[in-house]
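Peer 1: Chains as they are written, first to last, in this note's numbering: chain W, 1 to 248; chain Z, 1 to 392.
The hints are simulated quantities; they were obtained by calculation from the structure and are not laboratory data. There's no promise every hint is true.
[Said to hold, decoys possible] Coverage of chain Z stretches by chain W, computed from C-beta distances (three or more under 8 angstroms per stretch; other residues unrestricted):
{"#": "1", "region": "8-20"}
{"#": "2", "region": "206-217"}
{"#": "3", "region": "221-231"}
In this text, a Cβ means the ideal position worked out from N, Cα and C, and glycines have one as well.
What follows is each chain in one-letter form.
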Amino acid sequence: MIEVRGLRKSFTARGTEIRAVDGVSFAARDGEITGLLGPNGAGKTTTLRMLYTLMRPDAGQVLVDGFDPFERPGHVRRRLGVLPDARGVYKRLTARENIQYFGRLHGIDDAVIDERVERLVAALAMHEFIDRRTEGFSQGQRTKTAIARALVHDPRNVLLDEPTNSLDVMTTRSLRQFLRSLKAEGRCVLFSSHIMQEVAALCDSIVVISHGHVVAHGTPDELRAQTGQHNLEDAFVKVIGSDEGLFA
Amino acid sequence: MSTWWTVLCKELLDAFRDRRMVITSLVVMPLAVPLVIAGMSTVGMKRQEEKREAVLELPVIGAEHAPNLVAWLGTHDVSVVAPPQDPDQAVHRQEYEAILRIDDQFAGDWRAGRPAGIEIIFDSSRPLQSGATIARLRGLLSAYAQQVGTLRLIARGIHPSVAQPLRLGERDVATPESRFDLAQQMLPYLLLLLAFIGGMQLAIDATAGERERQSLEPLLATPASREAIISGKILATAAFTLLSVLATLVMYRIAFTLVPTEHMDMSLAVPLDALARLLVVILPVVLLGATVLTALAAFARSYREAQGYLPLLIFLPMLPTLYLMVSPVKTQAWMLAVPFLGQNQLILRILRGEPIAAAEWALNLGAGLIVVALAWWLAARLYHREQLAASG
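Chain W on its own, in the form it takes in the complex (with noise of 0.2 angstroms):
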């Protein structure tokens, strides 16, 4: 369960200041998959990062499971599995090294990390990968051992910055199906993108955000009941007021 409510921060860059999240609450529930729906520079990521302790927000507040990310980072961290929109891992290391060194930044035993990192390959389809060193990755292949490096402390809630980014159709495709079972499992999944598609597909919950506001929240039947369109995306474009940078 992740809680944000009146979240700010702002950038000073060359002398003008730049509110990047303008006053963004939503919530998150568990078993259910909510999506940050929102063109490129709408303050997606930088709503993340202040949900995954990167960044301090300037006003507001952020609740995981309860705790603040501020006040109780170890809790938070531990609870929250982040595909951050950087997803870099180390070349000269095997995929299951690199899931292997996170387990153990955590604090896990290394039987138990192994037996996660069984459970992931299957989950994900790595078997052929997973002992390979990930120089030379496709960006799919990169992408699912960064997905399985976050999910090896078994977190609760699982948050990913525009995962299909950049991937093939079939590797979007088992990536969804993969999301689904999380929810399945129970857990709080919330994933930012810029792509429509990706959010009607895939959604309980959307949030839709524009210059660092909230313009839209709810299911995708609210969305579209709000806005009076019956097509998805032209409720989108409703709500941002512009379709600029939305398919971007």
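Given chain W's structure and the hints, the job is docking chain Z onto it.
Peer 2: Below, chain Z without anything else, positioned relative to chain W:
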């Protein structure tokens, strides 16, 4: 298993799989340092020997005024040749190292028993090239002068010792270990430089490189504390550098058993216990280097920017060597507490086989570790900045 240990093991595994880094740090550098020093020493020794033994080609102006002197020089490995048109220019242009000019009045003065004029033309701004030749020439001329002077005194019935009020003797207390040649003076600097920035590739790769390859953000999202992460990275860098320094010292020891030193009353080999003490002296510099490089990599925005600071870091260990060159003073206690200067002094003393007191060890190591702790604190502060991971 502690977090810093996990990070340390991962960074070392990563480093040892980087074949290019392993070859440069553990093979090329360790071979280069002793080869440069051994090469310089051998070439230097050979040159000195050749200069002492070779026939000296000496242009003499006015050789006809002093045929006896010229003949005498000929019996002492000097081959007298015709002088060039413009002797000053010829010396200046390094055509000859020295030219002898015999005064027109030489014969007259000689016969009258007055000091006869003779002049050595040389260029004192090139002591390395012509110093040995000029000293040799001066020695020959004063030997000739003394020989003739002695004969003149005897001819006048005076004992030659009347003109020798002093009987000058010399006793050199240098030990074979303490006799250094110029090339070896470079060893402390090269060792300190290697210890300080030898781990640069690993340190920059482990922070700036990790950020550039986008693996730092997920790493910082784990429960591992940033202090534990930098400690692991710093210790991995230090361990790798120490291995590189050790390889260099071993190569140095091997290289100097190959240099022919039988003729020289000089010991170039480093005994095993000295090797161990050298490693202890170098340890704080290795830790300081690893910490400063890690802090730098965290401060810089990119791999390239981090590398841009390297010339500055290369200069730091050079400072004490430069200081000692312009002001070669006796070791004083405070110097041992100054980073690089203290290590430089101790390395020289270990190589010269001089004893080092326990208090001196404590001062040097204590001061070194305090500086390391400060640098570590700075690196940890830089690792806590938001910009570190959240760039791009």
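Peer 1: Are there hints from earlier that the structure breaks, and if so, what are their numbers?
Peer 2: Violated hints: none; all satisfied.
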